Amino acid sequence: MNEYSLETLWYEATTERKAANVSSSSEEAYLYRGIRISKRDGKIRIYNTRKQGLDYKEITDEQYVGFYENGFVKGAHLVMQNTYKEQIDKINTKIQGEVNSRNNKKHFEALKSRREFLINKYSNLNK
Numbered sequence: 000m001n002e003y004s005l006e007t008l009w010y011e012a013t014t015e016r017k018a019a020n021v022s023s024s025s026e027e028a029y030l031y032r033g034i035r036i037s038k039r040d041g042k043i044r045i046y047n048t049r050k051q052g053l054d055y056k057e058i059t060d061e062q063y064v065g066f067y068e069n070g071f072v073k074g075a076h077l078v079m080q081n082t083y084k085e086q087i088d089k090i091n092t093k094i095q096g097e098v099n100s101r102n103n104k105k106h107f108e109a110l111k112s113r114r115e116f117l118i119n120k121y122s123n124l125n126k
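Its first residue numbered 0, the sequence shown is counted upward by one per residue in numbering that gives the first Met the number 0.
There may be inaccurate statements among the hints.
To be verified - Have a look at the derived ranges for each label pair, beta carbon to beta carbon:
| # | residue 1 | residue 2 | range |
| --- | --- | --- | --- |
| 1 | Phe116 | Val21 | 23 to 31 Å |
| 2 | Ser122 | Ile94 | 15 to 23 Å |
| 3 | Thr92 | Glu26 | 15 to 23 Å |
| 4 | Asn103 | Glu27 | 18 to 26 Å |
| 5 | Asn103 | Gly41 | 17 to 25 Å |
| 6 | Asn125 | Thr59 | 16 to 24 Å |
| 7 | Lys89 | Lys17 | 26 to 34 Å |
To be verified - Taking lysine-lysine pairs in the DSS-like style, the calculated list, with each CA pair at most 27 Å apart, reads:
| # | residue 1 | residue 2 |
| --- | --- | --- |
| 8 | Lys56 | Lys38 |
| 9 | Lys17 | Lys56 |
| 10 | Lys56 | Lys89 |
| 11 | Lys50 | Lys120 |
| 12 | Lys17 | Lys73 |
| 13 | Lys56 | Lys104 |
| 14 | Lys105 | Lys84 |
| 15 | Lys105 | Lys17 |
| 16 | Lys38 | Lys73 |
| 17 | Lys38 | Lys50 |
| 18 | Lys104 | Lys84 |
Please keep in mind that the hints were generated in silico from the structure rather than gathered at the bench.
Bear in mind the structure is a predicted one, so any value in this text is a computation, not a measurement.
Ideal Cβ placement from N, Cα and C applies to all residues, glycine included.
Please work from the sequences and hints to get the whole structure.
Okay, structure coming up:
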């Protein structure tokens, strides 16, 4: 059951005190915990800024459903939890490869440090 529409998600984002206004002359936009919601030419879109480098990736239809069911703030938390899990899994794979092949201690420690940082960010989303 969808309790929220794109318009109500937009309103929630604009009134969220922790959301940063990153509007430009061509669009209105707000950024909250790595999630960008923008309104351009009357169309509202939600992007995950933590995916694919400099070009923001629009969230999936499944993630939109999470926003429609939970609202903007909770939906943003769910998307970021998923993103952090994916990043932690990639680092775990790299750590296994490092241990099994190169055995470069400096790179191994850097990966462990990055993993710990992401785990802390993931944990803080649940507080």
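Which hint numbers does the structure go against, in order from smallest to largest?
-> 3, 4, 5, 13, 15
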